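Using the sequences plus the hints, can you model the full thing?
Number of protein chains: 2
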Amino acid sequence: PDDQARRDALARHERLTKPAGSLGRLEELGVWLAGCQATCPPRPPSRPRVVVFAGDHGIARKGVSAYPSEVTGQMVANFLAGGAAVNVLAQAAGATVRVVDMAVDADTPEFVRAHKVRRGSGCIDTENALTDAEVRAAVTAGRALADEEVDGGADLLIAGDMGIGNTTPSAVLVAALTGAEPVAVIGRGTGIDDEAWMRKCVAVRDALRRARQVVDDPVVLLRTAAGADIAAMAGFLAQAAVRRTPVVLDGLVVGAAAVVAEEMAPGARDWWVAGHRSAEPAHTLVLEHLDLRPLLEMDMRLGEGSGAVSALPLLTMAARVMNEMATFDDAGVSGR
Amino acid sequence: PDDQARRDALARHERLTKPAGSLGRLEELGVWLAGCQATCPPRPPSRPRVVVFAGDHGIARKGVSAYPSEVTGQMVANFLAGGAAVNVLAQAAGATVRVVDMAVDADTPEFVRAHKVRRGSGCIDTENALTDAEVRAAVTAGRALADEEVDGGADLLIAGDMGIGNTTPSAVLVAALTGAEPVAVIGRGTGIDDEAWMRKCVAVRDALRRARQVVDDPVVLLRTAAGADIAAMAGFLAQAAVRRTPVVLDGLVVGAAAVVAEEMAPGARDWWVAGHRSAEPAHTLVLEHLDLRPLLEMDMRLGEGSGAVSALPLLTMAARVMNEMATFDDAGVSGR
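The listed protein sequences derive, respectively, from chains A and B. Once you know that position 4 of the first sequence is 4 in our numbering, the rest is easy, because the numbers rise by one and skip nothing. Take any residue in the second sequence, note its place counting from 1, add 1000, and you have its number in our numbering.
What the hints contain is simulated information worked out from the structure, not anything from laboratory work. The model shown is predicted, which means the values in this text are computed figures rather than measured ones. The beta carbon of each residue, even a glycine, is placed where N, CA and C say it ideally should be. Among the clues, some could well be false.
Chain A residues, not near chain B, derived (Cβ > 12 Å throughout) [unchecked claim]:
1. R212
2. M264
3. D330
Beta-carbon label-pair distances, calculated as ranges [stated by the list, open to error]:
4. A:R244 / B:E1288: 56 to 64 Å
5. B:Q1213 / A:N323: 45 to 53 Å
6. B:E1181 / A:A20: 27 to 35 Å
7. B:Q1213 / A:R43: 51 to 59 Å
8. B:E1288 / A:G82: 38 to 46 Å
9. A:G82 / B:D1002: 26 to 34 Å
10. A:G332 / B:D1330: 52 to 60 Å
11. B:E1070 / A:G179: 52 to 60 Å
12. B:T1327 / A:R212: 40 to 48 Å
13. A:R205 / B:S1046: 50 to 58 Å
The following block contains the structure:
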């Protein structure tokens, strides 16, 4: 982000008809957006774009989710029909949604599977999620998707996730990169019961044993313990920073990808703001690790990008305040 | 709020294509709105209305604010010109703004001063804010304003405040009704320095000594230690409940009026949701006292209704999710 634009934004906030700082984090958000856009006042995001990365996970066979894997493909159809939560929230927030099949264990329409790497990623407690070639393909696809979207006019990016079982590899990645113990990263996901929670603990413990051996190489870590969807998200988030495009992060699954992306491209996080704090415990570790303070704390735990999209109106407001408010001079209001 | 509509809303959330509860507080908000409207799914607010209650306060002469009292009248003009923060935020959120002069110590346009009670409320450390007749007029005006707005089609109400010095009477009201000590309720308001903070402490201490004697009668308390703007807000918030109209509460000043309104009309708070947690310390006491959990925690401390309006898109989203999301059956998505 551009320092001069940030300084200009801070100075502008001093001249608007309010006590400086009295809009709190809404002011900080405007300053951040000005830095990302290298312009002051910042433009309200005009083409915010959500890309939902869908993929199945072999680990789901171990009973770590409350839902069967077939739901992943069914939800892809639901995204395409506009019936999922993120579709509705995005429409309310003025964003558009694209879904990409990275590793769904079902047939999806051709335009959705253009970047598909395989059907279902590996069962990470005992095998790698991906081959070397597959992880490279997935990361490259994520980067290409960010490029496509920015080239197509997107001026703000949101990654979303869809995939039964995907909080399990996410928890493994977060534990591997933050040094946390399994029980500290394991949440209820889609809403699992105690028995499924214990199965998830075992799965995370076994996968983490494998992941900790490759923690120094983020791409090898993705190959070992992520999946094509999460690997693609990591590439997408890293490339957004390369393209100097602001990102609103969602919850745990996107957050896990973000932690890896920051390893791949240190400093990328300057281009990200945390949309919300998920109810998943590992997400708080993500936020601490990336030193990001979430905009919303609504106890959401759906994924799809839903938490990030819910925060989008705050960014629009932050920018509009800087464009449309009167200054003390213009309005003839006395300063202090 | 209507219990059957609430139950219907809870049941509907079970059928939408997401794990039940996974949208967290966004789901709760939809259920609350359904209860207020006595219908499920709830309608997104179509005519949300902000009423900014402007008034000056004699206590400002004691140096409790960083700004001179003339700013109140200047800001009324700024609201009318559309240049204040709440104007911009409201436009972004699809709300409209009305400003009413309850006690501004300046001349304002006739349509703004229709309910004006006096020029500047009394200096509450040594005298009553209002006379008996004035406090009745102010509360009645607030009730009439709520009626006018609801009769005019408003389906969601937000009260905002504007008045140099107004966090001082607000702190007194909160301390009087929650039993807190002066230092626990005194914040930096518009951004005062240490010396002004000490003057504010003295003012609150002296006013609180007077207020505590009349704490059992909310209208007498308003007469003693509030002001025409805050008294009108209390009437407005109480009447919103009478009219079964949902309210998004703003920060400290509106919160102080809300605490008094709940004394005047117990149960009114069921019709209110807290838009945000202000950076003013006394506002946290308000939220605890009313048992309301804020939607946003953005460190805002501007007033004007700005925090409430910033949360408004979440209400729209909460309602739209309930109207527009597919059900498991419709979408052919497998349940758990």
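Hint-by-hint comparison with the structure:
no.: 1; hint: R212; result: 30 Å, holds
no.: 2; hint: M264; result: 29 Å, holds
no.: 3; hint: D330; result: 7 Å, violated
no.: 4; hint: A:R244 / B:E1288: 56 to 64 Å; result: 43 Å, violated
no.: 5; hint: B:Q1213 / A:N323: 45 to 53 Å; result: 50 Å, holds
no.: 6; hint: B:E1181 / A:A20: 27 to 35 Å; result: 29 Å, holds
no.: 7; hint: B:Q1213 / A:R43: 51 to 59 Å; result: 55 Å, holds
no.: 8; hint: B:E1288 / A:G82: 38 to 46 Å; result: 41 Å, holds
no.: 9; hint: A:G82 / B:D1002: 26 to 34 Å; result: 30 Å, holds
no.: 10; hint: A:G332 / B:D1330: 52 to 60 Å; result: 56 Å, holds
no.: 11; hint: B:E1070 / A:G179: 52 to 60 Å; result: 58 Å, holds
no.: 12; hint: B:T1327 / A:R212: 40 to 48 Å; result: 43 Å, holds
no.: 13; hint: A:R205 / B:S1046: 50 to 58 Å; result: 52 Å, holds
Comparing the model with each earlier hint shows violations of hints 3, 4; every other hint is respected.
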